[in-house]
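Number of protein chains: 4
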Amino acid sequence: MQEKTKYSLNSKAVAEATEIWLTKRGVTKEAIAELVYFLQKDYFPQLTQEECIVNVEAVLSKREVQNAVLTGIQLDMLAEEGKLLPPLQEMIQHDEGLYGCDEILALSIVNVYGSIGFTNFGYVDKLKPGILVKLNSKADGEIHTFLDDIVGAIAASAASRIAHRKQAEREASGDVPLR
Amino acid sequence: MQEKTKYSLNSKAVAEATEIWLTKRGVTKEAIAELVYFLQKDYFPQLTQEECIVNVEAVLSKREVQNAVLTGIQLDMLAEEGKLLPPLQEMIQHDEGLYGCDEILALSIVNVYGSIGFTNFGYVDKLKPGILVKLNSKADGEIHTFLDDIVGAIAASAASRIAHRKQAEREASGDVPLR
Amino acid sequence: MQEKTKYSLNSKAVAEATEIWLTKRGVTKEAIAELVYFLQKDYFPQLTQEECIVNVEAVLSKREVQNAVLTGIQLDMLAEEGKLLPPLQEMIQHDEGLYGCDEILALSIVNVYGSIGFTNFGYVDKLKPGILVKLNSKADGEIHTFLDDIVGAIAASAASRIAHRKQAEREASGDVPLR
Amino acid sequence: MQEKTKYSLNSKAVAEATEIWLTKRGVTKEAIAELVYFLQKDYFPQLTQEECIVNVEAVLSKREVQNAVLTGIQLDMLAEEGKLLPPLQEMIQHDEGLYGCDEILALSIVNVYGSIGFTNFGYVDKLKPGILVKLNSKADGEIHTFLDDIVGAIAASAASRIAHRKQAEREASGDVPLR
Chain V
1 MQEKTKYSLN
11 SKAVAEATEI
21 WLTKRGVTKE
31 AIAELVYFLQ
41 KDYFPQLTQE
51 ECIVNVEAVL
61 SKREVQNAVL
71 TGIQLDMLAE
81 EGKLLPPLQE
91 MIQHDEGLYG
101 CDEILALSIV
111 NVYGSIGFTN
121 FGYVDKLKPG
131 ILVKLNSKAD
141 GEIHTFLDDI
151 VGAIAASAAS
161 RIAHRKQAER
171 EASGDVPLR
Chain X
1001 MQEKTKYSLN
1011 SKAVAEATEI
1021 WLTKRGVTKE
1031 AIAELVYFLQ
1041 KDYFPQLTQE
1051 ECIVNVEAVL
1061 SKREVQNAVL
1071 TGIQLDMLAE
1081 EGKLLPPLQE
1091 MIQHDEGLYG
1101 CDEILALSIV
1111 NVYGSIGFTN
1121 FGYVDKLKPG
1131 ILVKLNSKAD
1141 GEIHTFLDDI
1151 VGAIAASAAS
1161 RIAHRKQAER
1171 EASGDVPLR
Chain Y
2001 MQEKTKYSLN
2011 SKAVAEATEI
2021 WLTKRGVTKE
2031 AIAELVYFLQ
2041 KDYFPQLTQE
2051 ECIVNVEAVL
2061 SKREVQNAVL
2071 TGIQLDMLAE
2081 EGKLLPPLQE
2091 MIQHDEGLYG
2101 CDEILALSIV
2111 NVYGSIGFTN
2121 FGYVDKLKPG
2131 ILVKLNSKAD
2141 GEIHTFLDDI
2151 VGAIAASAAS
2161 RIAHRKQAER
2171 EASGDVPLR
Chain H
3001 MQEKTKYSLN
3011 SKAVAEATEI
3021 WLTKRGVTKE
3031 AIAELVYFLQ
3041 KDYFPQLTQE
3051 ECIVNVEAVL
3061 SKREVQNAVL
3071 TGIQLDMLAE
3081 EGKLLPPLQE
3091 MIQHDEGLYG
3101 CDEILALSIV
3111 NVYGSIGFTN
3121 FGYVDKLKPG
3131 ILVKLNSKAD
3141 GEIHTFLDDI
3151 VGAIAASAAS
3161 RIAHRKQAER
3171 EASGDVPLR
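Keeping their order, the protein sequence lines are chains V, X, Y and H. Mind the numbering: the first sequence is residues 1 to 179 in our numbering, read in order. Mind the numbering: the second sequence is residues 1001 to 1179 in our numbering, read in order. Mind the numbering: the third sequence is residues 2001 to 2179 in our numbering, read in order. Mind the numbering: the fourth sequence is residues 3001 to 3179 in our numbering, read in order.
Simulated from the structure, these hints should not be mistaken for laboratory data. All residues carry an ideal CB built from backbone N, CA and C; glycine is no exception. Some clues are possibly wrong.
[Claimed, not checked] Calculated pairs, PhoX-like style, for lysine-lysine (alpha carbon to alpha carbon, straight line, at most 25 Å): (1) X:Lys1024 - X:Lys1012; (2) H:Lys3134 - Y:Lys2006; (3) H:Lys3006 - V:Lys166; (4) X:Lys1041 - X:Lys1138; (5) V:Lys126 - Y:Lys2006.
[As the list claims (entries may be wrong)] Here are some of the chain Y residues that sit facing chain H, going by a computed Cβ distance under 10 Å: (6) Ser2008; (7) Gln2049; (8) Ile2073; (9) Gln2074; (10) His2094.
[What the hints assert, rightly or not] Covered by chain Y, according to a simulated footprint, are these stretches of chain H (three or more residues, beta-carbon under 8 Å): (11) 3055-3068; (12) 3083-3095.
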């Protein structure tokens, strides 16, 4: 006789699934890190690609971010398989301009690192640099209505995290006038 | 030879689907209106159930609200059918406390009627009066992880809408001192 | 014997103050409408400056928007007069990058017209076209830390409103396939 | 000849001002911790007052939180002194129901610890337990229109933080089934 397993959240499983699903959907940490570099290079000329990756990883370690990534990718995949009910199926499939739940989930990611990330999120979401062009190409029937915005949000969050860290470094090094 | 129909949003279809899906999932406008009455009766003793329904209908006519309703119900239904990938399946199925995408979608509804609705949303979400108890009972294997929060958000939004309208009525009737 | 006047909100006074304060701070509806045109001209080539103004006026008629405008301008003015306490005075005066309450108030404006406005808000906030350059110039000791973001948010909201209206027009004209 | 000091953010000064201003306005960490205990005691019966304080301190160490605290208290104080322009002065002075910028700033605090805090924020904001009654009493001409909501938001955020930590502890102790 099989006993019903009591539910209990397994955080490691959630974190691992986030990493696996992102990879399966064609999004590497390196690709997100490039967006971060694009956003921050003018403010911090010494910024390295490695630092960008470290900050992307830190953002991805947050539960709230993992939840949004998994939920968004799940909806994209179901839309790809045509398994959503109309008219939701059509709105997500065609990345309908008046459908904003993708931006909503993306913003929940940005919020974790504070409001200074809103600007960067909107900027990359409009310009679509790097990996974002590819996610938007709709090549081979792929649908990335949610992932597109989510990747921009992770990059904007990592950029905010870097801005906070750089300030802390500057202050720790004594490069701040006493008042 | 069949031509591929060009995609074009059909707003009426989205509005109708919202109404149909809510009904199918056991949520009537009357039940939401009762939550609104619960929230506002102390502030507006003359408030009628009919007024509450009118305001719920106004909230439901907003595109942003319809998008959130359809997306949330879709995820609930897929979770009920066990069609989501683990660990998302388990988190939504068990209304995991650390999973917050349901609150995120709900908040996007509240936002449309402004920040004064946050308090009412949190209040009914905690107390679970009326229809919200039923949605939370998990009876017969039903899953309403998203709908639960969404219904609370619609009620909170209708309450905000009433507060704005009542003020306008008061001012139109001249019951405001000149300054 | 003077009786203490009972407080009662005067909505007309709030709406008028919003218009007056914006004008005093150098922001005309026409200047905001130009930002709207910049954001939407590629999507709606027939769009006129007059339509943009009408939509800006509609956004400005919302209470939530008026509250954010008045609160933001008030803080800018107090900072200009040096009347805020340190370190808040310094953060607002220098538009400190890690201070995000200006973006927070701006987002509360965008939210009223839904999440599809986030992208446009971030975009103009980064590019600073038209009136936004002037607000950022810090010429003559003027401080527009809040107003800068608020004006971008009003423009993004008006752009969202236009997107919703244009869809409604298209559907009313029968230019949508039946399904 | 005096040189103009170049502006540079001093994070320590911001953190210290936050602590000092809260104390001056009658809000101790202990009082906020009591709200946290009120919110979480049913879920975590072993929870101690000390743990609540530690979590309140962690929330208060976040820049985004400090910015909202300082901005909100500043507006409260200026309203107390009658130094805001009408009609903003009257709206903040009377904690006008249709003025929602206080909830906006509060929500920016809650957001940092994710959407699971919305419910707790709304709940304490409605019930007004502990210190929140006092902040709302308007005794002696004190105005706490912003601080009231901000304190509720800090408590809700600390409650979210505890929920995340407790889950991590449970998993670290092996009290989670392998899957």
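Can you list which hints this structure breaks, lowest number first? 4, 5, 7
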